[in-house]
Amino acid sequence: MKLSTRARYGTRALLDLALHADSGPVRLKDIARRQDVSLQYLEHLVAPLIGAGLVSSIRGPRGGLVLGKRAGEIKMSQVVEVLEGSTAPVECVTNPDTCNRSATCAVRDLWVEIKDTVDGVMASLTLAEMVERQKKKEETKAEMYFI
0 MKLSTRARYG TRALLDLALH ADSGPVRLKD IARRQDVSLQ YLEHLVAPLI
50 GAGLVSSIRG PRGGLVLGKR AGEIKMSQVV EVLEGSTAPV ECVTNPDTCN
100 RSATCAVRDL WVEIKDTVDG VMASLTLAEM VERQKKKEET KAEMYFI
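Position 91, counted from 1, in the sequence shown is what numbering that gives the first Met the number 0 calls 90; the numbers after and before it change by one each time, with no gaps.
For the record, the hints were derived by calculation from the structure and aren't laboratory data. It is possible that part of the hints are untrue.
Straight-line C-alpha distance at most 20 Å; calculated DMTMM-like pairs for lysine to aspartate or glutamate [said to hold, decoys possible]:
| hint | residue 1 | residue 2 |
| --- | --- | --- |
| 1 | 1 | 115 |
| 2 | 1 | 80 |
| 3 | 135 | 21 |
| 4 | 68 | 21 |
Model, not experiment: these values are computed from the prediction.
Hey, can you work out the whole structure from these sequences and the hints?
Dropping the structure here:
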């Protein structure tokens with residue numbers, strides 16, 4: 000299974016937003032700069048996140064983006080589903096009718112198990128936990144730099 004840039008950049012952008020949420024609304028161009036992703040592409044990624052209620056947009060001179068829910072209420076599985084859709088590695092997992100072997104195919108069972116495992120990992124992680132993971136990585140990087 001390979002996630003597209005939509006999921007990869009979108010989750011990074013949301014993590015960036017969560018990391019900077021304490022300072023008020025975050026401008027999308029600041030996220031784009033920090034994440035080294037084009038502003039135009041991020042605009043396309045943020046729209047479905049807003050539609051799903053995971054992000055809110057505040058207009059005005061001090062406007063920007065804010066989380067639509069608390070970071071602890073946002074599961075990473077929700078984020079990827081909004082940005083990517085299904086995590087199924089092959090079509091027959093979500094739509095068995097696409098293959099006449101689905102009912103008797105052991106390989107399909109493997110694909111289902113892979114999807115369920117990936118979904119389980121993402122459903123077990125919240126955006127708040129990802130923020131903590133990122134902060135630890137940044138602390139470790141800072142410690143290594145000063146050694």
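Here's how the hints hold up against the structure:
no., hint, verdict
1, 1 <-> 115, "holds, 15 Å"
2, 1 <-> 80, "holds, 14 Å"
3, 135 <-> 21, "holds, 18 Å"
4, 68 <-> 21, "holds, 14 Å"
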